Amino acid sequence: MKIIVAIKQVPARDSAVRIDAAGKWIDEQDLTFEINEPDAYALETGLLLKEKHGGEVVVVCAGPERAAPTIREALAKGADRAIHIESGDLAAIDTLEVARRLAAAVSGEQADLILTGLQSDDLGLGQTGVVMAEILGIPHATIIMEVEKRDGAIRVKRELEDGWFQWLELPLPALLTIQSGISKLRYATLMGIKKAKTKEVRRVTPAPAAPAGVFLERVFLPQRKKETQMIAGTPAEAASSLAAILKSEVRVI
Amino acid sequence: MSGVLVVLEQRRGAWNRMSWEALAGGQQLAAETGQPLLAAVAGAGLKELCADLERKPAATAYAVEHPLLEPYSADGFCAAYEQLIRRLDPSFILFPHTYQVRDFAPKLAARFGQTLVADVIGLHVDGGRPAFVRQLLQGKLNADYRHSGAGPCFASLQSGACSADTLAEGACQVETFTPALEAAQIRCRTEAPVRAGEQTVDLASAPLIVSVGRGIKEKDNLPMMEELARALGAELAASRPICDSGWLPMERQVGSSGQTVSPKVYIAVGISGAIQHLVGMKGSKTVVAINKDENAPIFEVADYGIVGDLFEVVPALTAAVRKVRGA
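Chains W and L, in that order, are what the protein sequence lines are.
Numbering follows this note's numbering, in which position 186 of the first sequence is assigned residue number 186; successive positions increment by one, without gaps.
Numbering follows this note's numbering, in which position 62 of the second sequence is assigned residue number 62; successive positions increment by one, without gaps.
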């Protein structure tokens, strides 16, 4: 089974972010970057499928130079090789363009399955995988919790709202967007890290970008929807103030 | 090209309530851009359901009817809506940001060479051009997105982006639209939806909820939260990562993929407040947030906030609550 996993590099989850001088994105200086968490689960799903059914896992990533260590880490975890689509212009292109680049980079691979996370932690548009499937002309399923390989097909458990699920079967090749938290993520072993240094990372330059149909005009701090009363003091002082509020103002205890 | 088309959602003959919020967004956009409001719903056997549309503010609503549209499939819905949109040629197509929409709307937009502006939390129009407000970085920042260039604009509205209470009463003409579909176009085979396990806790009716998030760090720290919940007489709930890790059962998860709750008091501990969590608890009467990050988005919806280390604040709060209750 040949599996492609599309990953993205995003600011680390606990990053303190500042709006940049132009007010159009965040100041990327001093930020650390890591694999987008849902994509880490997509990679894990791909590696588990390979271990069970054999085959190859190829990682593809559209990102600037700084994405290289994130790609190397995916190789250290067990991916066989990688494609790095040199994209220093992510802030200037829309999802359709990102999906076009990813689709173009993998279209010659004849993969059986393409996996990616259900959304990115930075932009959260949640559609790169779906659009990639449309461009490649293959079926897709989103927000997937479990994957079972069948003969020439794949049976998957899709999450619905309010605690409901649904199983569906898709013919291969297909694309799945993977939900976070569906398996335990592995760490790269020392041996894996050593091996990753010799694995192939093919660099590709994307075709010139089409003009973005959707663009980010302005970034700003969210406005408070409520007047929040901040309770100050030491933990003990704040806790007893809050307990008093719960008793006398909110009247629940 | 003219018109604001709102795609409504039904499942087995029942409306998804987010449809009406999306329609309210469409009503606002139509009024502010001076275009007609249109609506559509896809499925099989929609006649009875569509009677509900007659008093809605849209000029025309299209019942997109075909036996192959039940059950839902991304292939079927994309093919059907593509035909409707090509016929109506609207300027805007709005959706409720449901799991179903997340599954097919990006594909549909791509067929028109467009990117869906997904998960929109607010809408404002200036100079006849809408700006769609979205969250970035799990709610740490907001951003205005705009559509430029030729072709229709596709956007999906998150729960709460617009209020269904603003919907005017209207006289809407319901028309049936029959798309050309063939069984071979639908590549996946779907099974009936299932619900995981029996519900043993009813968070929806709990008056007090203590909810725990990533900030708790380890499962071994949960007893501290259980103790606080016990002292308050509250139910214990959690954000998604806690249930994903198996630290608490899925039925205690609050958010878009879990329970929707509206207690008198919701105490969010170590929860940053991503939109997926907020939509599940925004009906709470009073929200208390305890978080070490003063910029955590949970404080935007909190009535009371404590910025601090939960490992110090929570035991102190448990003790303070016991003291107040005289226990």
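A few of these clues could be false.
[Unchecked claim] Derived SDA-like pairs: lysine to any residue, alpha-carbon spacing no greater than 25 angstroms straight-line:
1. L/K264 / W/I245
2. W/K184 / L/R195
3. W/K50 / W/M145
4. W/K157 / L/E251
5. W/K225 / L/A131
6. L/K323 / W/V252
7. W/K149 / W/L172
8. W/K184 / L/W247
9. L/K282 / W/G163
10. W/K225 / L/H66
11. W/K50 / W/G152
12. W/K184 / W/K195
13. W/K52 / L/C188
14. W/K225 / L/V301
15. L/K264 / W/T228
16. W/K225 / L/T166
[To be verified] Sample of chain L residues lacking proximity to chain W, with all beta carbon distances greater than 10 angstroms (derived):
17. E32
18. G34
19. A118
20. D119
21. G170
22. C172
23. F177
24. S205
25. P223
Since the hints were derived computationally from the structure, they do not count as laboratory data.
None of the values given here were measured: they were computed from a predicted structure.
From the three backbone atoms N, C-alpha and C, an ideal C-beta is built for every residue, glycine too.
Here is what the structure says about each hint:
As the CA atoms of L/K264 and W/I245 are separated by approximately 13 angstroms, the hinted pair is consistent with the 25 angstroms bound. Between W/K184 and L/R195 the alpha-carbon distance is near 23 angstroms, which keeps this suggested pair within the 25 angstroms criterion. Annotation: proposed proximity of W/K50 to W/M145 holds, straight-line Cα distance about 17 angstroms (limit 25 angstroms). With a C-alpha separation of about 18 angstroms, the suggested pairing of W/K157 with L/E251 holds against the 25 angstroms cut-off.
For the proposed pair W/K225 and L/A131, the alpha carbon gap of about 19 angstroms is at most 25 angstroms, so the pair holds. At most 25 angstroms may separate the alpha-carbon atoms for a hinted pair to count; L/K323 and W/V252 meet this at roughly 14 angstroms. Annotation: proposed proximity of W/K149 to W/L172 holds, straight-line Cα distance about 10 angstroms (limit 25 angstroms). With a CA separation close to 13 angstroms, the supplied pair W/K184 and L/W247 stays within the 25 angstroms bound.
Distance check on the hinted pair: L/K282 and W/G163 sit about 18 angstroms apart at the alpha-carbon level, within 25 angstroms; holds. Between the alpha carbons of W/K225 and L/H66 the distance comes to roughly 43 angstroms, so the proposed pair goes past 25 angstroms and is violated. The hinted pair formed by W/K50 and W/G152 meets the criterion: a straight-line CA distance of about 15 angstroms does not exceed 25 angstroms. Only pairs whose Cα atoms come within 25 angstroms are accepted, and W/K184 paired with W/K195 is accepted, the gap being roughly 22 angstroms.
A hinted pair counts as satisfied when its Cα atoms are at most 25 angstroms apart, and W/K52 with L/C188 qualifies at roughly 24 angstroms. A distance of roughly 6 angstroms separates the Cα atoms of W/K225 and L/V301; the hinted pair therefore holds under the 25 angstroms criterion. At roughly 17 angstroms between alpha-carbon atoms, L/K264 and W/T228 fall within 25 angstroms of each other, so this suggested pair holds. As the CA atoms of W/K225 and L/T166 are separated by approximately 19 angstroms, the hinted pair is consistent with the 25 angstroms bound.
Non-interface status of L/E32 relative to chain W is upheld: no Cβ of that chain comes within 10 angstroms, the nearest being about 17 angstroms off. The Cβ of L/G34 sits about 22 angstroms from the closest Cβ of chain W, beyond the 10 angstroms cut-off, so the non-interface label holds. The non-interface label for L/A118 is inconsistent with chain W: the shortest C-beta to C-beta separation is roughly 5 angstroms, within 10 angstroms. Distance check for L/D119 against chain W: the nearest CB is about 6 angstroms away, which does not clear 10 angstroms, and the non-interface claim fails.
For L/G170, the non-interface assignment is confirmed: its Cβ lies about 28 angstroms from the closest Cβ of chain W, beyond the 10 angstroms cut-off. Under the 10 angstroms C-beta cut-off, the non-interface status given to L/C172 relative to chain W holds; the minimum distance is some 27 angstroms. Every beta carbon of chain W lies more than 10 angstroms from that of L/F177, the smallest distance being close to 22 angstroms; the non-interface claim holds. Distance check for L/S205 against chain W: the nearest CB is about 15 angstroms away, which clears 10 angstroms, and the non-interface claim stands.
Annotated as non-interface, L/P223 keeps its C-beta farther than 10 angstroms from every C-beta of chain W; the closest such distance is 18 angstroms.
Violated hints, listed in ascending order, are 10, 19 and 20; each of the other numbered hints is respected by the structure.
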